[in-house]
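**Q** Each chain is listed here by its residues.
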Amino acid sequence: MKISVDTQSCVSSGQCVLLAPETFDQNEDDGTVVLLAAEPPSGEEDAVRQAELTCPAAAIRLSGA
Amino acid sequence: MTTTEETPRLPFTRADALAIAPDYAALRRRAPVSRVLTPAGDPAWLVTSYEEAKEVFRDRRFGRSHPAPEQASRISYAALQDGPSGDFETEERDHKRMRRMLAPAFSAPRMRALGDHIAELTDRCLDDMEAAREANPGEAVDLTDFLAFPLPVLVICELLGVPYADREHFRGLSERIAVMDGGEDAQAAMAEFMAYMTKLADAKRADPQPDVISDMVAFQAEDPAFTDEDLARMGAGLLFAGHETTSTRIAMGTLFLLADTARRDRFAADPDGQVNQTVEEILRLTATSGTGLLRYAHEDVEIAGTRIMRGDAVLIAGDAANRDASVFADPDGFDPDRTPNVHLAFGTGAHVCIGANLARTELRTVFPKLFRRFPGLRLAVGIDEIPVRTNRVAGGVERVPVEW
Chain A
9 MKISVDTQSC VSSGQCVLLA PETFDQNEDD GTVVLLAAEP PSGEEDAVRQ AELTCPAAAI
69 RLSGA
Chain B
-1 MTTTEETPRL PFTRADALAI APDYAALRRR APVSRVLTPA GDPAWLVTSY EEAKEVFRDR
59 RFGRSHPAPE QASRISYAAL QDGPSGDFET EERDHKRMRR MLAPAFSAPR MRALGDHIAE
119 LTDRCLDDME AAREANPGEA VDLTDFLAFP LPVLVICELL GVPYADREHF RGLSERIAVM
179 DGGEDAQAAM AEFMAYMTKL ADAKRADPQP DVISDMVAFQ AEDPAFTDED LARMGAGLLF
239 AGHETTSTRI AMGTLFLLAD TARRDRFAAD PDGQVNQTVE EILRLTATSG TGLLRYAHED
299 VEIAGTRIMR GDAVLIAGDA ANRDASVFAD PDGFDPDRTP NVHLAFGTGA HVCIGANLAR
359 TELRTVFPKL FRRFPGLRLA VGIDEIPVRT NRVAGGVERV PVEW
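Chains as they are written, first to last, in my numbering: chain A, 9 to 73; chain B, -1 to 402.
It is possible that some hints are incorrect.
Unchecked claim - The calculated EDC-like cross-link candidates involving lysine to aspartate or glutamate, where the alpha carbons are at most 16 Å apart (straight line), are:
#1 B:K202 <-> B:E166
#2 A:K10 <-> A:E47
#3 A:K10 <-> A:E53
#4 B:K94 <-> A:E60
#5 A:K10 <-> A:E60
#6 B:K94 <-> A:E53
No wet-lab data here; the hints were simulated from the structure.
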């Protein structure tokens, strides 16, 4: 599973970070998403799928899931 | 619109604290978007279906401001969500500025760091609740007084930098600004609330602290277009939203868990394993708004075949969307095993609740602690005896009497 994020459309809700803290982080300055890993660490796959579904800005894309 | 039927008027009546009004599903069966009258008696569109609610939340052609505010439909006579807010010309810029200013303070890493402290505060609330019961063993204890109100207030006070000692003052103001037929009194309370925040901002200007009001003051020094009034209104809004909504979720989440003994026992047997999913289901099911969230169309928009004209008021009934049977099987059933559970309790899109991570962190801390401390917690009255606050913008219940 490959993850990509669109920082332009991100609205800094940080919901992905609460769900999958090993995969996503938030920029200290404006709260936008920072991708920590291009693929989810093992054990975080379901959380990353949930993050894609719940992202308020639809800014998370998964491919090859 | 040609119809011989009377246009339904909000707020609708529900059977008890755990239910939503059947009117929503009845409207949704006919169309995802319906013509209604607001509590103030003005026309608006009510969105009751999940897909269309999500669509309106995400569509930037809807905003909180109005192209001609004096002509806008009024929602209620409260002092918030009552009508248009902000400047039509600059809304998007102003909103982005606000998010940029506040997002770091409410980020997930900050909320995680706050987790241990929230746990300590929860323990203290539960100690007080236990002491109250021991002092008066024959009497039920009101969970609202000991947990649902004080915990979110303690947390938001620390985060914003508001003295906890002032809680009864802003609790009273918070109640008054949100009364839907409050009128002059709601406006007077809002003016008082803003004066309170202005005074607090002055104190932070003189002596900055690591808190959100100090952040806003620092931000203002960089951007004078962010006026004292903007700052006061935003501060009041954050203080209101930061405690009122979470208080309601704690009170109503407890009601959901206590409404069925098997459900309570299942949660109490494995609180840490169950909590995340249980909190999401509580968020999905708790109905907290009598009107839904307000938007105005900034241009003509077609939603699900309905033409919405520039300037029309649109109310997004998240409570109804979260029980849309086309998305959630057995939509009124409490099922923590639902997966995925992509509810709209925090809205979605650019205006998504900035406190979502704070609320989740609090709720995920509170329920395991509550049921580990009192695994046999039960309601002292029937669900139908819990008074629902129907004339409040953020809904809620008057009290949650419990025993153990």
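**Q** Does each hint hold? Answer for all of them.
**A** Against the structure, the hints:
| no. | hint | in the structure |
| --- | --- | --- |
| 1 | B:K202 <-> B:E166 | 21 Å, violated |
| 2 | A:K10 <-> A:E47 | 5 Å, holds |
| 3 | A:K10 <-> A:E53 | 11 Å, holds |
| 4 | B:K94 <-> A:E60 | 22 Å, violated |
| 5 | A:K10 <-> A:E60 | 12 Å, holds |
| 6 | B:K94 <-> A:E53 | 31 Å, violated |
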